[in-house]
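Chains as they are written, first to last, in my numbering: chain A, 401 to 682; chain B, 401 to 682.
Watch out, some of these pointers could steer you wrong.
Heads up, the list lumps identical chains together, so a pair's fine if it works in one copy or across two of them.
[Claimed, not checked] No more than 30 Å apart at the CA atoms, straight line, and that leaves these computed lysine-lysine pairs for DSBU-like:
1) LYS660 <-> LYS505
2) LYS446 <-> LYS420
3) LYS657 <-> LYS520
4) LYS634 <-> LYS657
5) LYS505 <-> LYS657
6) LYS634 <-> LYS550
7) LYS544 <-> LYS559
What the hints contain is simulated information worked out from the structure, not anything from laboratory work.
2 protein chains.
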Amino acid sequence: MEMMVRRIEEVRERIRYARKKGKVIGFVPTMGYLHKGHISLIRRAKEECDFVVVSIFVNPTQFGPSEDYNRYPRDIERDKKILQDEKVDLLFVPEVSEIYPEGYKTFVNVEKYSEILEGKFRPGHFRGVCTIVLKLLNIVQPDKSYFGWKDAQQLIIIKKMVEDLNIPVEIVGCETIREDDGLACSSRNVYLNREQREKALCLYKALKRIEEMIKKENVNDCEKLIAEGEKVIKKEGGVELQYLEIVRISDLLPVEKIEKDVIVLGAIKIGDVRLIDNLRIE
Amino acid sequence: MEMMVRRIEEVRERIRYARKKGKVIGFVPTMGYLHKGHISLIRRAKEECDFVVVSIFVNPTQFGPSEDYNRYPRDIERDKKILQDEKVDLLFVPEVSEIYPEGYKTFVNVEKYSEILEGKFRPGHFRGVCTIVLKLLNIVQPDKSYFGWKDAQQLIIIKKMVEDLNIPVEIVGCETIREDDGLACSSRNVYLNREQREKALCLYKALKRIEEMIKKENVNDCEKLIAEGEKVIKKEGGVELQYLEIVRISDLLPVEKIEKDVIVLGAIKIGDVRLIDNLRIE
Numbered sequence: 401m402e403m404m405v406r407r408i409e410e411v412r413e414r415i416r417y418a419r420k421k422g423k424v425i426g427f428v429p430t431m432g433y434l435h436k437g438h439i440s441l442i443r444r445a446k447e448e449c450d451f452v453v454v455s456i457f458v459n460p461t462q463f464g465p466s467e468d469y470n471r472y473p474r475d476i477e478r479d480k481k482i483l484q485d486e487k488v489d490l491l492f493v494p495e496v497s498e499i500y501p502e503g504y505k506t507f508v509n510v511e512k513y514s515e516i517l518e519g520k521f522r523p524g525h526f527r528g529v530c531t532i533v534l535k536l537l538n539i540v541q542p543d544k545s546y547f548g549w550k551d552a553q554q555l556i557i558i559k560k561m562v563e564d565l566n567i568p569v570e571i572v573g574c575e576t577i578r579e580d581d582g583l584a585c586s587s588r589n590v591y592l593n594r595e596q597r598e599k600a601l602c603l604y605k606a607l608k609r610i611e612e613m614i615k616k617e618n619v620n621d622c623e624k625l626i627a628e629g630e631k632v633i634k635k636e637g638g639v640e641l642q643y644l645e646i647v648r649i650s651d652l653l654p655v656e657k658i659e660k661d662v663i664v665l666g667a668i669k670i671g672d673v674r675l676i677d678n679l680r681i682e
Numbered sequence: 401m402e403m404m405v406r407r408i409e410e411v412r413e414r415i416r417y418a419r420k421k422g423k424v425i426g427f428v429p430t431m432g433y434l435h436k437g438h439i440s441l442i443r444r445a446k447e448e449c450d451f452v453v454v455s456i457f458v459n460p461t462q463f464g465p466s467e468d469y470n471r472y473p474r475d476i477e478r479d480k481k482i483l484q485d486e487k488v489d490l491l492f493v494p495e496v497s498e499i500y501p502e503g504y505k506t507f508v509n510v511e512k513y514s515e516i517l518e519g520k521f522r523p524g525h526f527r528g529v530c531t532i533v534l535k536l537l538n539i540v541q542p543d544k545s546y547f548g549w550k551d552a553q554q555l556i557i558i559k560k561m562v563e564d565l566n567i568p569v570e571i572v573g574c575e576t577i578r579e580d581d582g583l584a585c586s587s588r589n590v591y592l593n594r595e596q597r598e599k600a601l602c603l604y605k606a607l608k609r610i611e612e613m614i615k616k617e618n619v620n621d622c623e624k625l626i627a628e629g630e631k632v633i634k635k636e637g638g639v640e641l642q643y644l645e646i647v648r649i650s651d652l653l654p655v656e657k658i659e660k661d662v663i664v665l666g667a668i669k670i671g672d673v674r675l676i677d678n679l680r681i682e
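This is chain A alone, in the form it adopts within the complex (with noise of 0.2 Å):
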C-alpha cells in the first residue's frame, strides 16, 4: 500500500483502519529534511506503538514575514526513502491549501509561555506551532506523538496545551541528537558554510561550560553563570548571542538560583542562520 498521502481524510480512513485492529498509534510531525534528531523520534515511536504515522509540512504559520520559510530545506524524495527504511506505516504530506484553506482563522495560544526566550525573537512563532500541533493531533488522533528536547521550549509549551486543552495524547520529549563534536542536529545546519559551522559550536560550548560550572564547581548564582557562558560565544567572535537563560523546566520563568529541573537555553545567529540549543539541568 502506498506509505504516502497528501489528504486529510485518506489519513482519517488509513487511522481509523489501524484502529479497528487495536493498534497503537504514534505520531512524529516534522517539517522535513529529516536528520539524526528525526529518525531518533521515530525509532522511539516504533518501539513503543503498533502503527507509526510521521507528518511532513513546513508550516507556514509558524514563520514570521521575515524568516526563511521559502528557503527552508525541503527534499521530499530523500525523506520518503528515509521513511520507507524506518517501516514508518503512514506518510502525511498536506499540500497547505488542505491544512489552512482560504478564509482560515482559527488559532491556539499558550498565553506568557509564548512571549518569552524563542518568542521574543520569534512573535507569533508558537501561536503557529500550537495551531499546526492541535490540527494534526485531531486529525491523527494518536496515542503518543513525539517531539524532541532540542526545541525544548516548543516541548514545554506543547505539553502545555496538552495540559490545559484536555487533549488526550501522551506527549513524549526525546533527548538531544547531536553530530560527533557537539552541535545538535538541526535542518537548519545545511545553510551553515565550512567557518559558519566551526562558530556554531560556541553555543553548546557555553551550555557545557554552564553545566560543569554547576555540576563540579558547585556554582548556583545564575547570573554568574549565564555570564561566564556569554563569555564562551563573546571569545568566539562574530556569533551574535540572542539570549542566553536559566529558568524552571516546568514553567519557562527565570530563577536566580540553581534549584531542581531546571534548563539553560541560548540562541545564536551567524550571518543569518539562527541556531539554538538548551541542556537540562535535573
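Could you slot chain B onto chain A? The hints should help.
Frame of chain A; chain B shown alone:
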C-alpha cells in the same frame, strides 16, 4: 449508577465504557438553569445518539469583568431532576478549578468572527466560549454536539472552529425555542421584571417585521430593512438597541442586499439585562 460526576477522569472512564459498547455519543454543553431550549437540544441528542452527556458549567472565561458571572442563575438540584426525567446518561458538573487549574494559560480564538456583533460588546467572550467548548469536546469526545440557533454567532463560530481545527465531531444546530408570545427562551429571561418582560419582545417583533418586509414586500435593501427594525424597537421606549445587523450565515460578513442564507441578528439592553435574538432568512 450515579448520573452526575464532577471530575474529568470520571467522565473519560464512563465514556470509554459506553464507547466500548459501540454507543454513539451525543453531547449538550450548557451553563445550567435549564429551560425549554436546552430540553429540545437534549431530546434531539437522545433521538440521534445512544449515550447522551450534558455538562453544566458557568464558564468564567466567557464573561467580561463587568458582566453577570456571579449573578448568573444557578439551580443544580432543579436541573438534575430535569435531566433525570429526560433520561440523560451522564451529567458533568465540574468545579472551576477542575477546568481551569492554577496556571491555566491556553486559549483558542476564531479571529474576525469573534470581534464583530456580540464580540464588539463582549470583548473576549468568544475566546472564552471556544476555549471551554474545545476543552469539553476533548474531554467527552462525542460523535455529535448540540447547540441552539438562539446563540447564532456562537454556533457559527463553533462550527468554524471545528472545521478549522479538524475536530472530529459533528456540530448540530437546533432551532430556537420561544415562549408563547415569541420571546426566545434564555436563562437570562429570569432577570426581567414584568414590565421589562413585556418590553423584551420588541426585538423579536423587529426581526419579524424585517422578515415580513423581505418575504412579503420584497424589500432587499438592508439599510432600509434595518431602519424599519430600529423603528420597531425605538417605538417601545426604554430599550437600548446595541446592534441590529444583516449578515451572511457562512462568514458573518454584512450584506447590502438580501442574498441567499443571511441572518438578522440583534441585541438589546433593558435596564441592566442584555438579550439577544436572531432570525435566519434562508
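Hint-by-hint comparison with the structure:
With identical chains, the CA atoms of LYS660 and LYS505 are at most 30 Å apart between copies only, with a shortest distance of 23 Å across copies and 40 Å within one. Taking identical chains as interchangeable, the C-alpha atoms of LYS446 and LYS420 lie at most 30 Å apart whether they share a chain (19 Å) or sit on different chains (26 Å). Proximity of LYS657 and LYS520 under a CA criterion of 30 Å is satisfied intra-copy only: 23 Å inside one chain copy versus 46 Å between copies. When the C-alpha separation of LYS634 and LYS657 is checked against a cutoff of 30 Å, the pair qualifies only within one copy, where the shortest distance is 24 Å, while the shortest distance between copies is 65 Å.
In the homo-oligomer, the alpha carbons of LYS505 and LYS657 lie at most 30 Å apart only across protomers (25 Å), although the nearest pairing inside one protomer, at 42 Å, exceeds that limit. Taking the closest pair of Cα atoms, LYS634 and LYS550 come within 30 Å of each other only inside a single copy of the chain (23 Å); across copies the shortest separation is 63 Å, beyond that limit. In this assembly of identical chains, LYS544 and LYS559 lie within 30 Å of each other by CA distance both inside one copy and across copies; the values are 12 Å within and 27 Å between.
Every hint from the earlier list agrees with this structure, and none is contradicted.
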